[in-house]
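Required output: the full structure, derived from the provided sequences and hints.
Number of protein chains: 2
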Amino acid sequence: MVASARVAASLRRAALSSRPSPCIKNIRPALQVRWKTEATTSASSEPLQPDAKGGVKGDPATAKSIKFTSDSYPHIQRESKFAKLTEKHIQYFQELLDSESAVLDGVTKDATEDIEPFNIDWMRKFRGHAQLVLKPSTTEEVSRILKYCNDNMLAVVPQGGNTGLVGGSVPVFDEIVINMQKMNNIRSFDDVSGILVADAGVILEVADNFLAEKQHIFPLDLGAKGSCQIGGNVSTNAGGLRLLRYGSLHGNVLGIEAVLPDGSIIDDLSTLRKNNTGYDMKQLFIGSEGTIGIITAISIQCPRRSPAINVAYFGLESYEHAQKAFRAAKGQLGEILSAFEMMDGRSQKILKEVAGTKLPLEGDHPFYCLVETSGSNTDHDSEKLQNFLEHVMEAEIVSDGVLAESQTQVAELWACRERITECLGHWGGVYKYDLSLPIAQMYELVEDIRDRLTKQGLLGDTNEHPVVDVVGYGHMGDANLHLNVPVRRFDKAVEKSLEPYLYEWTSKRNGSISAEHGLGVSKKPYIGYSKSATMIKLMKQIKNLYDPNGILNPYKYI
Amino acid sequence: MVASARVAASLRRAALSSRPSPCIKNIRPALQVRWKTEATTSASSEPLQPDAKGGVKGDPATAKSIKFTSDSYPHIQRESKFAKLTEKHIQYFQELLDSESAVLDGVTKDATEDIEPFNIDWMRKFRGHAQLVLKPSTTEEVSRILKYCNDNMLAVVPQGGNTGLVGGSVPVFDEIVINMQKMNNIRSFDDVSGILVADAGVILEVADNFLAEKQHIFPLDLGAKGSCQIGGNVSTNAGGLRLLRYGSLHGNVLGIEAVLPDGSIIDDLSTLRKNNTGYDMKQLFIGSEGTIGIITAISIQCPRRSPAINVAYFGLESYEHAQKAFRAAKGQLGEILSAFEMMDGRSQKILKEVAGTKLPLEGDHPFYCLVETSGSNTDHDSEKLQNFLEHVMEAEIVSDGVLAESQTQVAELWACRERITECLGHWGGVYKYDLSLPIAQMYELVEDIRDRLTKQGLLGDTNEHPVVDVVGYGHMGDANLHLNVPVRRFDKAVEKSLEPYLYEWTSKRNGSISAEHGLGVSKKPYIGYSKSATMIKLMKQIKNLYDPNGILNPYKYI
Ligand SMILES: Cc1cc2nc3c(=O)[nH]c(=O)nc-3n(C[C@H](O)[C@H](O)[C@H](O)COP(=O)(O)OP(=O)(O)OC[C@H]3O[C@@H](n4cnc5c(N)ncnc54)[C@H](O)[C@@H]3O)c2cc1C
Ligand SMILES: Cc1cc2nc3c(=O)[nH]c(=O)nc-3n(C[C@H](O)[C@H](O)[C@H](O)COP(=O)(O)OP(=O)(O)OC[C@H]3O[C@@H](n4cnc5c(N)ncnc54)[C@H](O)[C@@H]3O)c2cc1C
Numbered sequence: 001m002v003a004s005a006r007v008a009a010s011l012r013r014a015a016l017s018s019r020p021s022p023c024i025k026n027i028r029p030a031l032q033v034r035w036k037t038e039a040t041t042s043a044s045s046e047p048l049q050p051d052a053k054g055g056v057k058g059d060p061a062t063a064k065s066i067k068f069t070s071d072s073y074p075h076i077q078r079e080s081k082f083a084k085l086t087e088k089h090i091q092y093f094q095e096l097l098d099s100e101s102a103v104l105d106g107v108t109k110d111a112t113e114d115i116e117p118f119n120i121d122w123m124r125k126f127r128g129h130a131q132l133v134l135k136p137s138t139t140e141e142v143s144r145i146l147k148y149c150n151d152n153m154l155a156v157v158p159q160g161g162n163t164g165l166v167g168g169s170v171p172v173f174d175e176i177v178i179n180m181q182k183m184n185n186i187r188s189f190d191d192v193s194g195i196l197v198a199d200a201g202v203i204l205e206v207a208d209n210f211l212a213e214k215q216h217i218f219p220l221d222l223g224a225k226g227s228c229q230i231g232g233n234v235s236t237n238a239g240g241l242r243l244l245r246y247g248s249l250h251g252n253v254l255g256i257e258a259v260l261p262d263g264s265i266i267d268d269l270s271t272l273r274k275n276n277t278g279y280d281m282k283q284l285f286i287g288s289e290g291t292i293g294i295i296t297a298i299s300i301q302c303p304r305r306s307p308a309i310n311v312a313y314f315g316l317e318s319y320e321h322a323q324k325a326f327r328a329a330k331g332q333l334g335e336i337l338s339a340f341e342m343m344d345g346r347s348q349k350i351l352k353e354v355a356g357t358k359l360p361l362e363g364d365h366p367f368y369c370l371v372e373t374s375g376s377n378t379d380h381d382s383e384k385l386q387n388f389l390e391h392v393m394e395a396e397i398v399s400d401g402v403l404a405e406s407q408t409q410v411a412e413l414w415a416c417r418e419r420i421t422e423c424l425g426h427w428g429g430v431y432k433y434d435l436s437l438p439i440a441q442m443y444e445l446v447e448d449i450r451d452r453l454t455k456q457g458l459l460g461d462t463n464e465h466p467v468v469d470v471v472g473y474g475h476m477g478d479a480n481l482h483l484n485v486p487v488r489r490f491d492k493a494v495e496k497s498l499e500p501y502l503y504e505w506t507s508k509r510n511g512s513i514s515a516e517h518g519l520g521v522s523k524k525p526y527i528g529y530s531k532s533a534t535m536i537k538l539m540k541q542i543k544n545l546y547d548p549n550g551i552l553n554p555y556k557y558i
Numbered sequence: 001m002v003a004s005a006r007v008a009a010s011l012r013r014a015a016l017s018s019r020p021s022p023c024i025k026n027i028r029p030a031l032q033v034r035w036k037t038e039a040t041t042s043a044s045s046e047p048l049q050p051d052a053k054g055g056v057k058g059d060p061a062t063a064k065s066i067k068f069t070s071d072s073y074p075h076i077q078r079e080s081k082f083a084k085l086t087e088k089h090i091q092y093f094q095e096l097l098d099s100e101s102a103v104l105d106g107v108t109k110d111a112t113e114d115i116e117p118f119n120i121d122w123m124r125k126f127r128g129h130a131q132l133v134l135k136p137s138t139t140e141e142v143s144r145i146l147k148y149c150n151d152n153m154l155a156v157v158p159q160g161g162n163t164g165l166v167g168g169s170v171p172v173f174d175e176i177v178i179n180m181q182k183m184n185n186i187r188s189f190d191d192v193s194g195i196l197v198a199d200a201g202v203i204l205e206v207a208d209n210f211l212a213e214k215q216h217i218f219p220l221d222l223g224a225k226g227s228c229q230i231g232g233n234v235s236t237n238a239g240g241l242r243l244l245r246y247g248s249l250h251g252n253v254l255g256i257e258a259v260l261p262d263g264s265i266i267d268d269l270s271t272l273r274k275n276n277t278g279y280d281m282k283q284l285f286i287g288s289e290g291t292i293g294i295i296t297a298i299s300i301q302c303p304r305r306s307p308a309i310n311v312a313y314f315g316l317e318s319y320e321h322a323q324k325a326f327r328a329a330k331g332q333l334g335e336i337l338s339a340f341e342m343m344d345g346r347s348q349k350i351l352k353e354v355a356g357t358k359l360p361l362e363g364d365h366p367f368y369c370l371v372e373t374s375g376s377n378t379d380h381d382s383e384k385l386q387n388f389l390e391h392v393m394e395a396e397i398v399s400d401g402v403l404a405e406s407q408t409q410v411a412e413l414w415a416c417r418e419r420i421t422e423c424l425g426h427w428g429g430v431y432k433y434d435l436s437l438p439i440a441q442m443y444e445l446v447e448d449i450r451d452r453l454t455k456q457g458l459l460g461d462t463n464e465h466p467v468v469d470v471v472g473y474g475h476m477g478d479a480n481l482h483l484n485v486p487v488r489r490f491d492k493a494v495e496k497s498l499e500p501y502l503y504e505w506t507s508k509r510n511g512s513i514s515a516e517h518g519l520g521v522s523k524k525p526y527i528g529y530s531k532s533a534t535m536i537k538l539m540k541q542i543k544n545l546y547d548p549n550g551i552l553n554p555y556k557y558i
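Chains as they are written, first to last, in my numbering: chain A, 1 to 558; chain B, 1 to 558.
Honestly, the hints are just simulated from the structure, not real lab data. Among the hints, a few may not be true.
[Stated by the list, open to error] Think about it this way: if two alpha-carbon atoms lie no more than 20 angstroms apart in a straight line, the pair counts; the simulated SDA-like pairs of lysine to any residue are:
#, chain 1, residue 1, chain 2, residue 2
1, B, K349, B, S318
2, B, K537, A, N544
3, A, K330, B, Q215
Rendered as structure tokens:
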């Protein structure tokens, strides 16, 4: 009581000294808060794309205007070793899956409308020619499908929620889509150990809601949670918003069940925290983007859900100030810091303009940060946060800030970060880059690229300029920058200006050209900027070992 | 202030009601505490073994009394495909390493005394016939050594601190020991990201002391820290005392540098938290026990060191009570809980008898727990701990307890857990098992085995009984039991009574026959109890892929 009064008093002082009407509010943390942004979190089992206005559900009619990947990447040629689908194949699959909804057949009849959503990726940048979508319901079915495809040289694309951002989840040519949405059972949960075992097709948000009822949390969260599947998350080694706190899937996933192209089932669904009995084979599947097997189930350790969750949102003068705020947060919030996200002023402006979102702070700031804490003791967390706020206000590290006072406000603040991705598509398209860089140099790249595109006459306010803006935001706590270039149209001149320039820039600073989104089609040619020839050779060995015919997700990854 | 007075008062009440003279003390946490137990933590670069009295340094003379592995496991035959060492080989290595201390040559001269420590494992249970020990200083040297050995079919054993507990770090026959102690440089540390890059041969305690100066902590700690090497830790995927808090090495290790048998250098020493550019090859090396390559360096993310560390030690009435205490700790200590260790009464009695340790609590208790918290705010942590203590005392979950009041006391309490391992060797030998089991059933196995050995007349107080006792302790937070059977002599009847019975017991409960110690020689035959035939086949493929000649650590693992 005494302590918090003292803090409040000094906060008032601090706030007053930095600006006339302080927005920082005294904190009353919401219990068991889960943030939802309406647009992205209505758990859905259909693949989804943003429409031209940045909304999430696309109008099927406009799908036709999206270029085929085979046209935009003419150097990628269909491999002649793969068989073409025939009536015989369809018959086999129909008998095997024995349910109409499980086989979308565009071979023996016209099913373009039905199949289209499975052919187009979330960004509406990649479009395949699949004529067949299969939706197995059991591991056994996945095994039979793969064995048959492998024996008959039929190429396939494993597909989860189709929210991937590198074109990995849709076909390039006529690969069969194996969509996992029907494998959506939670198999078991142990509330002493917190270990969840569930089918790969369970939607992330569904899994997390289930866990919320048991006072646990899925150790991963991301803007696409209403659509992406936990199998897709593991296949892409998704990082997301809370890696900072809960660590990577390589540490949290305890077991997987997966099917290899020859149909053999890997039954490594351990529910043990520790099991040092041989090479940790499951690790190869984490982040393998459907190129060596199809994951059918995972076992994962889930932490207790924190009863106290606090979210603050700041405006800052410069990137230098954002770095200072991050260091202060690490030091003063310690073990309760669960997210530290950075957004530049342009990203927030776009949010306001495109989505009509009323921003939490008045005025424009060059940078914004979102800080989340999760802890077991409301009073302690509030005090830590107050100390932190006091410090960043007094030291004039932040210019202004708000603290969520209710669950709704928590959601509103998170929406300022989570909804950026969808809004960027507003003008027609986005060049998306997801880089790991030394924190100190992270934003330099955004400025460099903005200058470069401006100088080259590619960026401008009018229609003759393809580029609308260059925007940077990301998981600052993980040194992970999302650099986005919203464009009025996809344009080879822009692409050539960006690539490989941007990868060279990253590589010179020992960064990663794909921090969390993976390789897919878009980053495949550039892996050499982040991995040595020796490493690439080793990876190719692995691919050949498990998928000697190369039927799994061809033209991608490696 | 008010709060802590209230807690203190109710603690006194609680304590009084459960026993007349309470030991629970008001808490004054030590800053930056690191616990040392004299016996195990004088960082040493020599391989070490406990002597017959349970001390750690062995008397070289008694080494001769240890049976050769080739005699105790007569079914293991030297593979004739391996060449025998000749003068020519020695000459090559001498020219290559160009330093007398780097080549212990027992081929062209008698060097038995010098080589003996490298031939015998920490438990004094395994003993090899190596005639040559090589100590490379650079990755390049490791590469040349391995290439030469591979070309000449010379078998090798990679060796770190030689503290492994499954006989993996010493030769079975005449394999060359490649000891990593000369590769002991810290290559870099970044105090913003907390990422450490260091040679494989750096001793864990040295790394941790280095990090302590930078206010960081190595995310792994274990009783052998004064001797084991970080490369050995990664090679065994060591779990240790703080996995509960900081997670497994699969999540924390960011990169490795390793050498394959053909001499190629894997340069995957990334210092990025996120890097989704291809299969995560390094993961295969984590826990591979020197069977596919030699790790020469690692990059690892290290958390900030907590300024507040508290340790409590409890006596409890039953295993049921220990489980209740664990649940209470998880709930009330939340994010600051950094260790929860369980020790049975027998393990503590042995400590008292063998090491002469004065136990922290008066009287005997059937079970003991050690609870550690680490957090960023001393007052908050104390309050959480007081609440927890109050709860476990009032609810009569614990019978008695002490709380460390100084750095020395913290060390003393930890010694009650960490020194058990060394004391168990006192009578002559120990059968050691390291199992993952469902928490609820963990201690049942100890009781079952004790009954079984007693009924079979193998356990007793007098010399005609080989078995002294059956002892259980372990990392309760990770559902990891160390079941130990101290014996007066290694005896086939005891081994037969224990194995495969104990593995079957574990397998029936979907446990792991090796939670953290690995496979080595001792667990190799039993892998089938924890892994399916499919998994074993996949692992063999990996072994063949990287080490087609099988020169790396033969007769072990898989
Ligand atoms: C708004 C938005 C926000 C995002 N935020 C983040 C973020 O913060 N962090 C992040 O890492 N990513 C983020 N992403 C990217 C994407 O959501 C993740 O990559 C997600 O993990 C993909 O899951 P999915 O089920 O949609 O997989 P899909 O997109 O369907 O597939 C992705 C890849 O995995 C393969 N695959 C899918 N399921 C399986 C399976 N069961 N077995 C084998 N292979 C499979 C596919 O073949 C494909 O190569 C975001 C995307 C959007 C649209
Ligand atoms: C008192 C005591 C307490 C212990 N407590 C724990 C515990 O709590 N948790 C736990 O997990 N373990 C524990 N152990 C076991 C042991 O300390 C660990 O397994 C440790 O990680 C081994 O490290 P090391 O450097 O001694 O490796 P070594 O014993 O030398 O080698 C272990 C294995 O790794 C291989 N190896 C070593 N270095 C390399 C390298 N650079 N490249 C490739 N292969 C290599 C060896 O060939 C061998 O197979 C304990 C041991 C003792 C003696």
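Exercise for the section: Just pull the numbers of the violated hints for me, sorted ascending. Expected result: none
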